[in-house]
Amino acid sequence: MSQALTERGLSDTAMAASIPAPEGAGAPNYTVTPKRTPDGSLEGDLLEISMGPQHPSTHGVFRMDVVLEGERVARLKPVFGYLHRNHEKIGENTTYLGSMPYTDRLDYFCSLTNNWAYALTVEKLAGLQAPERAEYIRVITAELTRLQNHISLVGFLLQDMGASGTPLMYAFRERETILDLFESLTGARMMCNYMRFGGCRCDLPPGWLEQAKQVVGEFPRFLDEFEALLTGNEILMSRTQGVGCLPPDLAVNASVTGPMLRASGVNYDVRKVDQYGIYDRFSFRVPLGEHGDVYDRYMVRILEMRESLKILQQALRDIPEGPILDPRAKLRGFRPKPGEAYGRIEAPKGELGFYLISDGTPNPYRYRVRPPSFINLTILEDMCLGHHVADVVIILGSVDIVMGEVDR
Amino acid sequence: METLEQIKGRVEAAVPGASLQIVPNDSPAGEPSLLVDNGHALAVARFLRDDPSLRLDYASNVTGIDWLDAVVQEKRKVKQVIEGVEREIEQTVEHKKAGCLEVVYHLYSMELKHGPLILRLRTANRSDNARVPSLTPVWRGAEFQEREAYDLYGITFEGHPDLRRILMWDGFQDFPMRKDYVEPDDYEYEPTPHDDVLEKARQHFPGEGPA
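Residue numbers (this note's numbering), protein chains in the order written: chain L, 1 to 408; chain V, 1 to 211.
Okay, chain V solo, but in the shape it has when bound (with noise of 0.2 Å):
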């Protein structure tokens, strides 16, 4: 297979507008992943999969990664007069990083028998706009893989077929992959389906819905 710069190259002449990223990986493993951005996520995925010397047709693992804000510190060297002295001197700076929540999509080649490209799709925040594209309709296999991408981290496959929970009940709230996920207090008033069960945790929760 190409590098991934190569990859990135060509993707941007057939794919006219959309934003790629090669995000660097310092493992061992040395698999560096491809970012692309929201909009052209599809077109993208298209191209990656009809292209005649890449024919990523394969889809293996699709997965999603909670990033929470972080606050990251970096060191600069900054350049400061001291006692009438100029000197170079190494100081701290924090900044923030916003959280995200990322979609990773491994996929090969059966035809070709390469692989993997890591291809990687990125929500705007964690709350109101966690949205992405679901590449189901490129590849079929994502299909349930995207619906627990949803039922555990809670991002939203805009063009999913069926954004359905997979592993959770349907009356289930949270997303417990999560890294800020509260457990409840008490595992046997967890609201589930059964009505019984329901009136209890309303009891066990007053003032609160459901959960």
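Bound-form chain L, shown alone (with noise of 0.2 Å):
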């Protein structure tokens, strides 16, 4: 069921070749252990510096300490914490309810899928199916929530790159069309709270199904433009190829998910592996990366909102009449049997996942995160050592990070 990058017209080993990789690209064994004189600073030519927490690449507050020789990197340590609010705190001392409109704040960008995945471990925790009409809604929404996450981030990886402005405006000029789609339906542009336990909050509108068609339909179209403008590009491709190589191995071995993974080669999607919700029903494909550099992350995300792009097809060719909420779902008075459920979905940035302990009363026990872009930040070091400063942040921006839910 994969597909490898070099498949489609652009064979990026072809193009690789053509341009000689930079120097000590993709050799991230170049270690230098710090060595501090009695007054504390660093000896030798060694630097450190303090990227953030306001630096305008670090996608938020975030820091990191970072200790250089000449240009390159020799250690880097990454801060965080500036946006903790004790989410998990907040989730025990709330109602399983009650703490719906929060998980759109994790993810700021795909509060839909937040909500996915937090409805579908209530529903785990609880026994509670969601009817066939609202299984679909969920996967549209989901797979919106996908096109307009990738098509941003991308945009903020080549703002990133130094093309400043165009490439982001673009992206954030077909998010809007997707954030409207999103505002019809749920009342918000990206704090949409939409999901319940058991179903779906509101029916879709009137004219919302044809309004979906006629933005998947014109998405194609925009995105041969934007990939005409960038794969090809060769100011990308050598800011990026042989940049940040993760390793397959370490990948698994670090927990890191979502495209991040898949761009080191490995199949693993929770949507093919756990088939939550009716994506058992829909044919795609995971596309994989050969090389696990910042190029191939690019592609990857790409390649998926092509394949996002199928689903959506099918998914509005095929929703059902029905009704959209379980008829044994409560709204009040919701109190879960003793015991606990760890649900996860396939969120645009990795594998999110809710682990809840009920102990009968309406609040959980334990209310617990998994966040992906946290996750995905451990082994942000091993991809840095050894490069320059500047690829430091194309690096950090292909980890698809927001602090909100790194911080929660």
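Keep in mind that the hints are not guaranteed to be accurate.
[What the hints assert, rightly or not] Pair ranges (Cβ atoms, derived):
#1 L:K213 / V:D162: 17 to 27 Å
#2 L:R189 / V:R165: 29 to 39 Å
#3 V:D26 / L:R332: 34 to 44 Å
#4 V:G159 / L:K213: 22 to 32 Å
[Claimed, not checked] Residues of chain V clear of chain L, computed beta-carbon distances all greater than 12 Å:
#5 E2
#6 R10
#7 V15
#8 S27
#9 P52
#10 D66
#11 E88
#12 S109
#13 G115
#14 M168
#15 E183
For the record, the hints were derived by calculation from the structure and aren't laboratory data.
Fair warning: this is a prediction, and the values are worked out from it, not measured in the lab.
A virtual CB, placed ideally from N, CA and C, is assigned to each residue, including glycine.
Can you join these two chains into the complex? Each is in its own frame, and there are hints to help.
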């Protein structure tokens, strides 16, 4: 079911051969142990700088303690927690349903997938089942979320590379059409708070499906234009190929998930493995990378958008009429039986999981979020060692972090 | 994947001396977990990762849970002689259950695409011996998540390469996710690493060090 990057007309390996790889690229075994003099400063030519927390490239309030030898990174420690609000404690002090709007604020780009992951876990805990129409609506909104997340990520990545403005504005123009769909369905562009345990909050408004079909129908043309500008672009290739390589065995061991894992060539997509919801009904492929560098991560996201469009077309064609909420679902006085459940979905940034323990009261005893971008940061240092400072910026950009989720 | 009983049997055969216990799960999700003793946790984890039919190479979720000291009420049937006749009556027996901190690992296999296997470790108590072995040497993905459990629950992971606070700041001393955590009475004066705020905090809490 996997598709290699070279299957497409643009062969990245052939192009990589025509441009000599930058010296030292893909060699992360370049390590220097920083030594300190008695007064605390670093010995030799090592320079310690603090990138962030207000650096424009850090995608939020995020800091990296970097030790440089000349222009190359010798050590890098991510520092975060500036937006920490103890989301999990709030979840333990709120009713199950009361946490639903808070999940919007985790990865505020993808509130609908956050909603789904949480609803899925509570359904697992309480033994509820969403009706067919609700499952279709969930798939449609989740894949639209994936589209707008990936397209803005590509825009931000280009912004990090110095292509100031234009690619990001193109991406945001298209993202806006999808956010309009969310607004007419849920009432909010980003903080959707749409899903409920055992279904969805409200049915699709009249004309929504036609509008969605139009957006989905027009999206490939934009994607072709975007790719014509970017994928074969010589500057983009020389900046990204061979930069920030992540070998597959390390990626698996470090619990990296999502497009970053698949760019390293590991075929693992929770939509295929768990087949949660109704993902077994759609035919789509899982794009895989070969080199695990920043270019592959860019390419995997572009290809994933094309696969999402395929899923959307099938779902918009097949969606049935019917109820949108499980009749057994109780909105008031909801108390699952004591026990625990772990639910996970393939969110745009990776595997988003929720772990809930119920003690029979209206509030969960334990409410845990498994945030994908927090865990994907574990191997940031390994990817950056030996690279230039300018490459650190795009390696971080290719990880796709959102601080609302990292800090919680 | 094999059933948890089969896995338990094979682990006990492969790691001599390991004491494993199956923790039931009453919810409809029905995923029981495996409680491992701290002394053999690392060896058990290595076995689970490397065994060819398990290959649990992916530690998806690592987290802590705080179990307070609790009084458990249990109903027992007791035979008693009442008015010369032996009768069976129900008695409620109360006994104390010592609290502990628990670490939960959700393991999956990316190679064989199965899972989850849920691994639990428990500390001896919640105060002076809140220690478990770190499984970061086996699964690198546990590194930041164990740091988070250390930060928010105060669980010390022995053998962790870089055990520091991760979400709270370095000068913070309490563990906010514990069930008996008390919020500071005035957030404005909560000490942060900045010098002038720290000085204000000292004036606000006279006699105490920087909390």
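Tested hints:
{"no.": "1", "hint": "L:K213 / V:D162: 17 to 27 Å", "in the structure": "violated, 51 Å"}
{"no.": "2", "hint": "L:R189 / V:R165: 29 to 39 Å", "in the structure": "holds, 35 Å"}
{"no.": "3", "hint": "V:D26 / L:R332: 34 to 44 Å", "in the structure": "violated, 23 Å"}
{"no.": "4", "hint": "V:G159 / L:K213: 22 to 32 Å", "in the structure": "violated, 55 Å"}
{"no.": "5", "hint": "E2", "in the structure": "holds, 18 Å"}
{"no.": "6", "hint": "R10", "in the structure": "holds, 23 Å"}
{"no.": "7", "hint": "V15", "in the structure": "holds, 21 Å"}
{"no.": "8", "hint": "S27", "in the structure": "violated, 2 Å"}
{"no.": "9", "hint": "P52", "in the structure": "holds, 16 Å"}
{"no.": "10", "hint": "D66", "in the structure": "violated, 8 Å"}
{"no.": "11", "hint": "E88", "in the structure": "holds, 28 Å"}
{"no.": "12", "hint": "S109", "in the structure": "violated, 10 Å"}
{"no.": "13", "hint": "G115", "in the structure": "violated, 9 Å"}
{"no.": "14", "hint": "M168", "in the structure": "violated, 6 Å"}
{"no.": "15", "hint": "E183", "in the structure": "violated, 10 Å"}
Comparing the model with each numbered hint stated earlier shows that hints 1, 3, 4, 8, 10, 12, 13, 14, 15 do not hold.
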